[in-house]
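Chains as they are written, first to last, in my numbering: chain A, 18 to 266; chain B, 8 to 385; chain C, 266 to 798.
No lab work stands behind these hints, which were simulated from the structure alone. Predicted model only: the values in this text are computed from it and were never measured. Where hints are given, some of them may not hold.
[Said to hold, decoys possible] Derived DMTMM-like pairs (lysine to aspartate or glutamate); straight-line CA-CA distance at most 25 Å:
#1 K742/C <-> D43/B
#2 K245/B <-> E730/C
#3 K351/C <-> E146/A
#4 K351/C <-> E51/A
#5 K273/B <-> D344/B
#6 K351/C <-> D233/A
#7 K628/C <-> D320/B
#8 K351/C <-> D306/C
#9 K742/C <-> E727/C
#10 K273/B <-> E174/A
#11 K405/C <-> D320/B
#12 K333/B <-> E590/C
#13 K245/B <-> D144/A
#14 K628/C <-> E274/B
#15 K742/C <-> D320/B
#16 K742/C <-> E251/B
#17 K759/C <-> E149/B
#18 K351/C <-> D320/B
#19 K326/B <-> D144/A
#20 K697/C <-> E790/C
#21 K405/C <-> E141/B
#22 K273/B <-> E204/B
#23 K245/B <-> E211/A
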Amino acid sequence: MIGLVVAGGASVAVSSVANAEPAAAPHSQQLTVEDGEQLFRANCASCHGLEAEGTENGPSLIGVGAASVDFQVMTGRMPMAFQGPQAEQRAPQFTQEQSDAMGEYIAALAPGPAVPDAEWLDASAVDAEGVARGAELFRINCAMCHNVAGAGGALTEGKWAPHLRDIAPQHVYEAMLTGPQNMPVFNDANISPEQKREIIAYLDYLDENPSVGGFDLGSLGPVSEGLFIWIIGLGGLVGVAVWLTSRPN
Amino acid sequence: MANDNERNSMSAEDQSAPSEQGVVAYDRGAAIEQSDTFQNPGLPPHRPRQTDLYPEKERRAERQVVGWFLASMLGSVLAIVAYIALPIEPGNMTSVRLNNLFLGLAIALALLGVGIGGMHWARQLMSSHEVVEERHLSRGSEKSRARAVEIFQLGDEESGFSRRTLIRNTLIGAVAILPLPAIVLFRDLAPAQDAVEAISRTMWTEGERLALDPTGTPIRADDVTVGSAFHVIPESLKDLGHDEGYLDQKALASVLLVRLPLDRLKEAPGREGWSYDGIVAYSKICTHVGCPVALYEQQTHHLLCPCHQSTFDVTEHAKVIFGPAKRPLPQLPITVDAEGYLVAQSDFTEPIGPSYWERLQHVQPEHVQAAAETETRA
Amino acid sequence: MTTTAARPARRTLTGAASNYLDERTSISTFVATLGRKVFPDHWSFMLGEVILYSFVAILLSGTFLTFFFEPSMTEVHYDGSYVPLKGIAMSAAYASALDISFDIRGGLLMRQIHHWAALLFVAAIGLHMLRVFFTGAFRKPREINWVIGFVLFILAMAEGFTGYSLPDDLLSGNGLAIINGMVKGIPIVGTWISYLFFGGLFPGHEIVPRLFVLHIMLLPAIVIAMIGVHLVLMVINKHTQFAGPGKTNDNVVGAPIMPLFAAKAGSFFFIVFGVLVLISSLFTINPIWNYGPYDPSPVSAGTQPDWYIGFADGALRLAPGLESEILGWTVSWNILIPMVVLGLFIVLVMFYPFIEQWITGDKREHHIAERPRNNPTRTGIGAAGIVFYAVMWAAASSDLIATHFRLNVFQVTWFLQASLILGPIIAYVLTKRIALGLQKKDREILLHGYESGRIVRRPGGEFIEVHEPLDEYESWKLKAYDSYEPVMVRPNAKGRITPATHLRAALTRWFFEDRISPVTPRELEAAQRHDHH
């Protein structure tokens, strides 16, 4: 299995990985740091360098930690599908075990943020006040890019902040901790683990409770509302007016 | 007023000819006078509807109208049922959603039932014969126009409005001046303090700690790692109640704190020592129209305003690289205190936020000099 | 006395009631004059009704909201149903808006009806104005009503903006922050106007109650009064109608108020209201709970005004980043330029009827709504105006355009900046050409009949499509329109040629140089003779 991936990756072309079948067959076999290194060399080294020291195509991964690897790999952002303004989210190309093995390899190179403990991901441990605090922290630290309802938004030069609906708590946490791509880092001094959990609890609340007013039109705010009233509202009423003023046969 | 002409006995006159009843003939301007025109064929013969021809169709339409009206009644009843049967349970969002949905649908049915039923009635069962009404010129009749002129002359004569010019002119003067007190009255819409004075200072003073928004926890320089973005308020702001101007002061004093890798940090001339170990603090209020410029890209070190897309480059002293803003974001000079917490060295050296007419009055001379030096270097 | 004459023939309840009323109000005179007044039938004539009815929906739902809304910026700690805001410090205004949404049965429905109806109100005004513009229905004697309608459009936007700002959530607060910044950009008086408006520093504690008074009292009073004048003038001038058989400049053909028009208009009210309630029960509008209370530090991606203010926000986004310091005073061109450009645009649209009348010199009354193709230059100007407005409108959502079509927001802005100047020119030229083309086609149809789709084989073997002539009734609307020609530069009564004369001549050339004359009977006869051979 691994040999296959390594052989496939020997051409060290990112695109070949993108096209390859996800080496996804679930298996319980525990992978080691060495397996992680092999996977890294085969799939990541072309951009990030053989020793993860970085090249002009990709940043150095020394010190980014296992949390960063887990986020980038398990949201499918890495390996990048194509060189663009930023890596896009898609189906992960590796299994959790493979990703963890690569994470272990990267973490072994230099210390960095580790994958969060399950304790900090459990939204059910947060009470109502905590959800409210999480919402406030979200508005102050996240909403300017990701929108108050987590619908996402535009950044400069073709980059964007992705939507945050139905994202695994682990990935939300890791994103705050590691600051993927252009997202700033929110270290524990800035937003404590408890506060990160509160933010996760708020996002969980948004996922669990669809808008009380009915369909939310993408939570995009006044623009989608304006388009809706012109096309459906006024358009529909013009249709009625045409019917009303037509002569029945 | 309107002289109803129920029968179809209209004149087959060319529409483009002006109404020439009476003595009025309006100028046609650039419109071409055509001698050779078509005759208006008059109303086409009336076409009866299905419901006019077949009694069973008429009865069906009648039943449909009644059906819609009954549906409306049902809707009204359902609305009351929904109101009672779907109460809002405190904290239960699904109950709010269901209340809104079913109450709304039932009321919509009640309204649309009347509307569609009435429409169907009008279209299918009411007389569909077209009625013709004649138009007249919009101006009043010659008689009433003459009478109006007469009345005004009489009024002028009896009052002496144009004869007694002194009375007239002083009256006009008096009424013209009358609104002036209103302008004064509006002064107390705002406190007595001078506006320019009030908006040109913030809470930042020497030694004021930089604290996290909204908790007010002071920030240690060590905690600000490269790539971080901290949303900052003055530490003493958290002691201010909402009724004591918390939001007003926050609107002036909000700051964004980031740490640049030292090789990316370019200190502006005259601002050496305003940063601490690569940590820089900039006002978060856009110099365009005052939205919070809070979108920090940690790789490009660009700051983007989500309202009008003004983009500032933090590595270049927050100068504008795109968008409608003109001036860089004001920088807050910072350092650390004995305990390692970040503190302000002073207030901003220029007013924060959007430009205003008197802005330069409160720009400190050092700042002007520094800005000039930056200009010449660039 | 007229008691015996006024008494109805049969003593029914309605008869008795009518008699009672008339003896005290002479309402019969009113009914006699207006009862059988005629309204022409066309779908586009119903747009004004959509406006009126959505306004009624706004008034009704708005009254309900005022019973519960607390226009105060006093600090409270939220203690309502919505968990993610529990215990958060906010203004009483925002807390009461949340209570309307979460703790009062039907409150959310009313809020959504109010807001959707407001969006529909302004949208319908826009479409109604376009209808009036493109059919030339603003021409004499309706110029004043155009101006009144246009002022109503401005007032509707003011109503919308003051309402948008009342909930005191993050979205509305950021809207006010932008207004604050814009007002401060006004030379000389800006700083003070902002200071007085907000009652001191922004955001202060006064703005919500002040906007509330404007929103529920002053502005609606003016709107209602102006709607009244607008409708009275419409009754006096009588409605325009499209050219058609039997329809002339001297008559109105259509349905009498009693009963047909009243039934249709009344039913349409219920339909408009019903559609609004339906939309409000199914679709969220302005979920204020997502935004949180206003706080000057946070902001949401995708912060936009409601659609009708979008053009102004877009103009701000497209403006160049210019500012000058003149003699120690700051002049914010990045704010002044969009304000002046929008001001000029508004003034031009508002006074267009007078400008066009000055150019044509046509002082006659016009009651036939023109087909847009029959006035190609005006139609082109209208299209240019639409594009100009639409580009600014699109600019207000440049960030959403960028994220949804995976574009670079800077490039979207540059593209829109170019479009703001080039777009209207292209739209003008294209639309004018299309209108002239359609006029040509009308001529063809009149002279040679329409293409019937029936192919026949000639004895000689060739295939031709049979052209059928239109009947007299169908063809009338193609024949009946006014044509204009450029005026010559002629000396006036004093024997002088003024610059205004030259200007007017030039403008008439621009308007009427390219024109397709209506078919004359002689031409038609000639064409028919030709076709028969």
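Status of each hint after checking the structure:
no.	hint	in the structure
1	K742/C <-> D43/B	holds, 17 Å
2	K245/B <-> E730/C	violated, 85 Å
3	K351/C <-> E146/A	holds, 6 Å
4	K351/C <-> E51/A	violated, 50 Å
5	K273/B <-> D344/B	holds, 23 Å
6	K351/C <-> D233/A	holds, 22 Å
7	K628/C <-> D320/B	violated, 60 Å
8	K351/C <-> D306/C	violated, 55 Å
9	K742/C <-> E727/C	violated, 34 Å
10	K273/B <-> E174/A	holds, 23 Å
11	K405/C <-> D320/B	violated, 57 Å
12	K333/B <-> E590/C	holds, 12 Å
13	K245/B <-> D144/A	holds, 24 Å
14	K628/C <-> E274/B	violated, 70 Å
15	K742/C <-> D320/B	violated, 63 Å
16	K742/C <-> E251/B	violated, 70 Å
17	K759/C <-> E149/B	violated, 31 Å
18	K351/C <-> D320/B	violated, 38 Å
19	K326/B <-> D144/A	violated, 43 Å
20	K697/C <-> E790/C	violated, 29 Å
21	K405/C <-> E141/B	holds, 17 Å
22	K273/B <-> E204/B	violated, 32 Å
23	K245/B <-> E211/A	holds, 21 Å
Figure legend: structure checked against the earlier numbered hints; hints not met, in rising order: 2, 4, 7, 8, 9, 11, 14, 15, 16, 17, 18, 19, 20, 22.
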